[in-house]
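**Student:** Each chain is listed here by its residues.
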Amino acid sequence: MEFTVSQVAALINGTVEGDGSQKVERIDKIQEGKKGGISFLSNMKYEPHIYGTASSAVIVSEDFSPSKPLQTTLIRVKDPYSGFTQLLEAYAQLTKHTKTGVEEPSFMDKTSKMQDGGYRGAFSYIGKNCSIGQQVSIHAQAYIGDNVKIGDRTIIHPGARIYSDTIIGNDCEIHPNVVIGADGFGFAPQEDKSYKNIPQLGNVILEDHVSVGSGSTIDCATMGSTLIKKGVKIDNLVQIAHNVIIGEHTVIAAQAGISGSTEIGKNCVIAGQVGIVGHLKIADNTTIGAKTGVSKSILESGKTIFGYMGYEMKEFLKSYSIFKKLPSLQDRVKELEKKQ
Amino acid sequence: MEFTVSQVAALINGTVEGDGSQKVERIDKIQEGKKGGISFLSNMKYEPHIYGTASSAVIVSEDFSPSKPLQTTLIRVKDPYSGFTQLLEAYAQLTKHTKTGVEEPSFMDKTSKMQDGGYRGAFSYIGKNCSIGQQVSIHAQAYIGDNVKIGDRTIIHPGARIYSDTIIGNDCEIHPNVVIGADGFGFAPQEDKSYKNIPQLGNVILEDHVSVGSGSTIDCATMGSTLIKKGVKIDNLVQIAHNVIIGEHTVIAAQAGISGSTEIGKNCVIAGQVGIVGHLKIADNTTIGAKTGVSKSILESGKTIFGYMGYEMKEFLKSYSIFKKLPSLQDRVKELEKKQ
Amino acid sequence: MEFTVSQVAALINGTVEGDGSQKVERIDKIQEGKKGGISFLSNMKYEPHIYGTASSAVIVSEDFSPSKPLQTTLIRVKDPYSGFTQLLEAYAQLTKHTKTGVEEPSFMDKTSKMQDGGYRGAFSYIGKNCSIGQQVSIHAQAYIGDNVKIGDRTIIHPGARIYSDTIIGNDCEIHPNVVIGADGFGFAPQEDKSYKNIPQLGNVILEDHVSVGSGSTIDCATMGSTLIKKGVKIDNLVQIAHNVIIGEHTVIAAQAGISGSTEIGKNCVIAGQVGIVGHLKIADNTTIGAKTGVSKSILESGKTIFGYMGYEMKEFLKSYSIFKKLPSLQDRVKELEKKQ
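Protein chains in written order, with the working numbering: chain Z, 36 to 375; chain D, 36 to 375; chain F, 36 to 375.
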């Protein structure tokens, strides 16, 4: 899609300084800008790049006063970063998720209903008694089981599997190959040391504005619901077991795993490859560093936890710095022993 | 599906105390029970909830003697927990996996055969020369390669990929987006530091009653078979490399990874995010704690292993408790040095 | 597929000693050989097996002089291991990826083009303006978005999702259920503690000879490209975040995770379950041991890094060996304190 610099400036309430009739069709980093690209300069560390950039235009602050001659056209705005973000969003809206209608062959049971303005891609599957809101995208090859409810403007990407009885709110995004609502890991040990399936009868509920990253898995509850509250953002390849509850606006980075029945508070930050054992409570505003193992509940709000068996990050780091010097500590003890 | 309380009681050999004609249609936790739900009371810690529950009926022990008036109908059985489990199973049978027949479009090569009583979902794919047993479900969008054998009553969920030459036993469950039998990670380093593919010619064998969780991957053997024995239960996002052997009734929790050619005994418990390096032997009845790294064979049966480079759990925990106090241990050494 | 022993010998420039007219149809390990199988003997540790093997033929060195009578036919070659590898490759070529043409139903937008000699499986999806090279396999149920470019002889396995604007080189292999080019984890925190999507406008580029293992995820760049250079081999369930760059011929084992904007050099070896935080630089020829957490850049080439917060492997192992004896070290300090 091609615009003139003046059109872009109008979009973000900026004023043009230079040739507003140039065409731009791409967003470039200022240090990698090429003709037809538009860049921004917010952090002044990057100022030297503006004098050499080949970008056709650069979004700058109203106050920006160049110290050398420029080859590029300027778009002056109050706050270049938020101007740029506005532009990103407009661009994304124009270039992404623009498909509507139904591609064939696709499968939707006649008992299911989808409101207007949506998209169903080829080879997508929708089971019985589903109720799907307005402007929902069910991309190619996605799977929706029976009795699923999906709110407005939610996007289900290719290959995502949404199992029966799942409830998904408005404005959610379920990335490719995510699995939501499949059976959890419930097996009762028998006397002969074999295991017997425990039927998993619950479901998964995702409230509004939840995002789930590619390949992540969220198991259904044994009974009741696995619950992901409003605004939770989950990265790729994350495992969330049955009956877990995750509080509002908590973020969980890639490859983290949360075991069964654990409850996580709101506004938490859980870094990559963290593992949390089952049946714990994690207080609101907890930060858990990458690769931390959490084996005890965290009851006080606002802590930062880290370590193989995690505890207060500062304490762990102190101990770890001495761990690195253990050979010398051992030598010092030897020395003391000799001197006796 | 709706039943009367008396019908449920008959199903689990119980006797009704109260109104047996009420309709129930759902299984609820006793503390969250609502009208139309049925709950159970086994652990007496939960007794207070029975006096306030809105569940239409509660399964209780024959001996249960209420200490306050009840609003709910009772179903008395010998053992409320196993009565409840029976009910769960009956309920699961009624509500799950009830699809049969063939949904179109689906793809099955004319050289492949599927016995009676099964289900093939829309957009499922079955290659050449496959032999598939009775009452098997191949759900929508699942993939079966060539020369695959699948036993009776096995369930292949949506988006699972079963590669050519895989053999799967009876009563297995392969959850959504599992990959079984794709090429393992075999590359021969060349003199120019590039890598060359080593052809992976083996297959994967799953014996009876094996369950594989969503998104897990089990690679085919380089030669011979990657072998998952009877009753093994594998959770979500687990990686099992080429030529691994896993003994009967071993369970492996989410995000664990087993490297190539390692042999794991029977009745082992491998917790979440464990990593086991290649070419090891793990004895029967070994328990490996969450996040443990295993870099040596475990030859004695019945051990519990834990730690970053795992060894006896008790020993690791002793050392870790001192690790947490290392700053003070270091101070004590300093103090001793001063006093010399 | 069946061959005579003489045909196999001709294929690998060997000479037959014994009955060249026997049929062989399979490659077996020498210790597990059965009639109709062909094995090899390269490492003389396995010599005892040749006297008992039931393999119909064994590939041996020109110099091999048996110390006992043999039941099997020999194929003598200069180097049995490379003869065997040759055979594996020939076998793999005969048995794998032999599908060509188009299976229906499949979906390809009319604006996309695929060169000759390729395969499109049933239920595969190809969006708009894609340009796909010669002899490319797009297997059943695979997804290709819009504006994707794929080079010659590349294989896209079932259920792989290749998002819009991705560029994939020649001779790449994308295993089942891989996700390439989906949105990265980019969210801007808002004043009310919620998060707002940052549009992800970049793409992913895979150069030639790249392999990506089952279920792995490679996110698109926020702007610019996530770049996987020539010859990189990625195992299963690996996470690669937005804007990561991975140098030529680097290998990454299963379940490792690389956070956003990190640059990894060439010829590195990254073992299983490693985690690398964002915005780091890892020098060429770095080896990172299994389960290592990397939180700092590694600027010197050729290092071997290991540990929970990784540093020089030798140093970590020294400290860890003392960690295991911490209880006794603590006792020694106590003893010294008493003696004062």
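Do not take every clue at face value.
Keeping only pairs whose Cα atoms sit at most 20 Å apart, straight-line, the calculated SDA-like set for lysine to any residue is [unchecked claim]:
(1) K369/Z / N78/D
(2) K353/D / E372/D
(3) K64/F / K80/F
(4) K360/D / D187/Z
(5) K231/F / D366/Z
(6) K349/Z / K360/D
Source of the hints: derived by calculation from the structure; they are not laboratory data.
**Student:** Take a quick look at whether K231/F and D366/Z sit within 20 Å of each other, Cα to Cα.
**Tutor:** Cα-Cα ~53 Å, so violated.
**Student:** Going straight from one Cα to the other, do K349/Z and K360/D come out at no more than 20 Å?
**Tutor:** holds, 13 Å
**Student:** Assess, step by step, whether the Cα of K64/F is no farther than 20 Å from the Cα of K80/F, and give holds or violated.
**Tutor:** holds, 14 Å
**Student:** Decide if the proposed pair is consistent with the structure: K353/D and E372/D, CA atoms, cutoff 20 Å inclusive.
**Tutor:** violated, 26 Å
**Student:** With a cut-off of 20 Å on the C-alpha distance, tell me whether K360/D and D187/Z pass.
**Tutor:** Violated, because 53 Å separates the two Cα atoms, which is more than 20 Å.
**Student:** Decide if the proposed pair is consistent with the structure: K369/Z and N78/D, CA atoms, cutoff 20 Å inclusive.
**Tutor:** Answer violated: K369/Z to N78/D is near 56 Å, above 20 Å.
Checked against the numbered hints given earlier, the structure breaks hints 1, 2, 4, 5 and satisfies all the rest.
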